[in-house]
Each structure stands twice: as C-alpha cells, then as structure tokens.
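> The primary structure of each chain is shown beneath.
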Amino acid sequence: GQQVMQIPQYQHVQEGEDFTTYCNSSTTLSNIQWYKQRPGGHPVFLIQLVKSGEVKKQKRLTFQFGEAKKNSSLHITATQTTDVGTYFCAPRDNYGQNFVFGPGTRLSVLP
Amino acid sequence: DAEITQSPRHKITETGRQVTLACHQTWNHNNMFWYRQDLGHGLRLIHYSYGVHDTNKGEVSDGYSVSRSNTEDLPLTLESAASSQTSVYFCASSRRQEGTEAFFGQGTRLTVV
Chain H
1 GQQVMQIPQY
11 QHVQEGEDFT
21 TYCNSSTTLS
31 NIQWYKQRPG
41 GHPVFLIQLV
51 KSGEVKKQKR
61 LTFQFGEAKK
71 NSSLHITATQ
81 TTDVGTYFCA
91 PRDNYGQNFV
101 FGPGTRLSVL
111 P
Chain C
112 DAEITQSPRH
122 KITETGRQVT
132 LACHQTWNHN
142 NMFWYRQDLG
152 HGLRLIHYSY
162 GVHDTNKGEV
172 SDGYSVSRSN
182 TEDLPLTLES
192 AASSQTSVYF
202 CASSRRQEGT
212 EAFFGQGTRL
222 TVV
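Heads up: the sequence lines are chains H and C, in that order. Counting with this note's numbering, you get residues 1 to 111 for the letters of the first sequence. Counting with this note's numbering, you get residues 112 to 224 for the letters of the second sequence.
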C-alpha cells in the first residue's frame, strides 16, 4: 500500500524565519492536498496540486509538486505566529478517493 | 450555511460500554470519513463511505463500526470501548468527484476510563 512520510515531524522557528515541510510518497500520485490544523482545531484545506512540477502560491505560502509526482513541499516565507499549527499532506494515488493523510509537521513559531 | 457537525464534543465513558459518535453534514456530500487523531500518529482513517449503504474499512477499523442510512449522517460506533480508543475523533465529508477537498467537523474528544 501507499506509504507517506512527512519531514520534519517538528520544527521550531523564530518569527520571521522561513519554514519548509516535505511530503514523500512511495507511489506515483494523482494529486496531493495540503491541510493546516491550528492547535485545538480541526484540519482545514489549503490547496490541491495536480500537475507534475506544479507550483502554487498563497501569500507567504508556496506549494510545489515534484516532477515525478511522488513528493511535494510547503514553504512558508517569513513565518508569523499565526502560522503555528500542524501541516498535513493528503496524497491521492490512482486507486480511489480515500483521504489518507501524512503524519504531519508541527510548526512552532517563537515571537 | 452548509456545515458538518459532530456530537458530542466531549465524552467520558467506561471500558466495555458501547458508544456512538454522531456526524451530520448538510452539504449533500457523498463521501464521509471518520478519523482518529493521537499524538505522534497524525490522522488515521477508521471507516469511510462513498454513499448511502456503502461502508468501507480504513487502516484502524478494529473495534469500530459505521452505518450509512442516509446522505447526511455517518455515526461511528465503538462496540465495546477500550482505553486504547481514548482519542480525538474527526468526521469529514467531500463531494464524490475526484480531487475535491474534505471538510472536517470540530472533533469529539473521547476518554475511556
């Protein structure tokens, strides 16, 4: 079955520093979604990537889908305290509509 | 506004009791999912449904069951609660089409004592 890894598991940064989390799949993906969960909250959809090599930006967030469609990254420029939370990738392979999530990267931002 | 609601938000139950967690969505979504979230394990899929009368096991389905008698509801039942089932449970829904986002409920914190 599909194996999903996210690295790092935890990241502590000083406010203003950049942050990147990586999602790696053992299988070629149809698409990948990213979600954010604030402490005490529920996961909220951020974005979906579909095309090989696709790059999408949302203000300070940049999402990238690998050329081989087996990995993805989320980069945050100049982190703010509002970025605190856990970021999950949800990779989708070609075999179904299951929403399987990666283990997540927990981001702490020190003011 | 359409929404997805879970009840109760908090529940304490005793080992061996049957417990049912409710999930109700008003988006008319075909797909519904149940996850549990524990420290260090992220979101693990328990059961999912692609429509009325359809149910499927996820990666951690032992000790849980679901039924889908209508589009709006997917209740999750713990047949005989165990301390290992203490967790935060999230319900989610999405449209049938491939590549659509999932909408999550607020979660239910279940403690089994």
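Please note that a few of the clues may not be correct.
[Unchecked claim] Here chain H is said to cover these stretches of chain C; the calculated rule only asks that three of the stretch's residues, wherever they fall, bring their Cβ under 8 Å from a Cβ of chain H:
no., stretch
1, 146 to 154
2, 200 to 207
3, 214 to 224
[Stated by the list, open to error] Below, a list of computed lysine to any residue pairs in the SDA-like style, where the Cα atoms sit at most 25 Å apart:
no., chain 1, residue 1, chain 2, residue 2
4, H, K36, C, E170
5, C, K122, C, L156
6, H, K36, C, Q148
7, H, K70, C, H152
Don't read these hints as lab results, they were simulated from the structure. The structure displayed is predicted, hence computed values, not measured ones. Glycine included, each C-beta is placed from N, C-alpha and C at the ideal position.
> Each hint needs a verdict: does it hold in this structure or not?
Now for the hints, and whether the structure bears them out:
1. Remark: the stretch 146 to 154 of chain C is confirmed as covered by chain H, as 5 of its residues place a Cβ nearer than 8 Å to a Cβ of that chain, reaching the required three.
2. Only residues whose C-beta sits within less than 8 Å of a C-beta in chain H count toward coverage, and the stretch 200 to 207 of chain C has 4 of them, enough to reach three; the restraint holds.
3. Coverage of the stretch 214 to 224 of chain C by chain H holds. Counting CB-CB distances below 8 Å, 5 residues qualify, and the rule asks for three or more.
4. Only pairs whose Cα atoms come within 25 Å are accepted, and K36(H) paired with E170(C) is accepted, the gap being roughly 22 Å.
5. Among the hinted pairs, K122(C) with L156(C) is consistent with the structure: their alpha-carbon atoms are about 20 Å apart, no more than 25 Å.
6. For the hint linking K36(H) to Q148(C), the alpha-carbon distance of about 14 Å falls within 25 Å, and the restraint holds.
7. Of the supplied pair hints, the one linking K70(H) and H152(C) holds, its CA atoms being roughly 21 Å apart against a limit of 25 Å.
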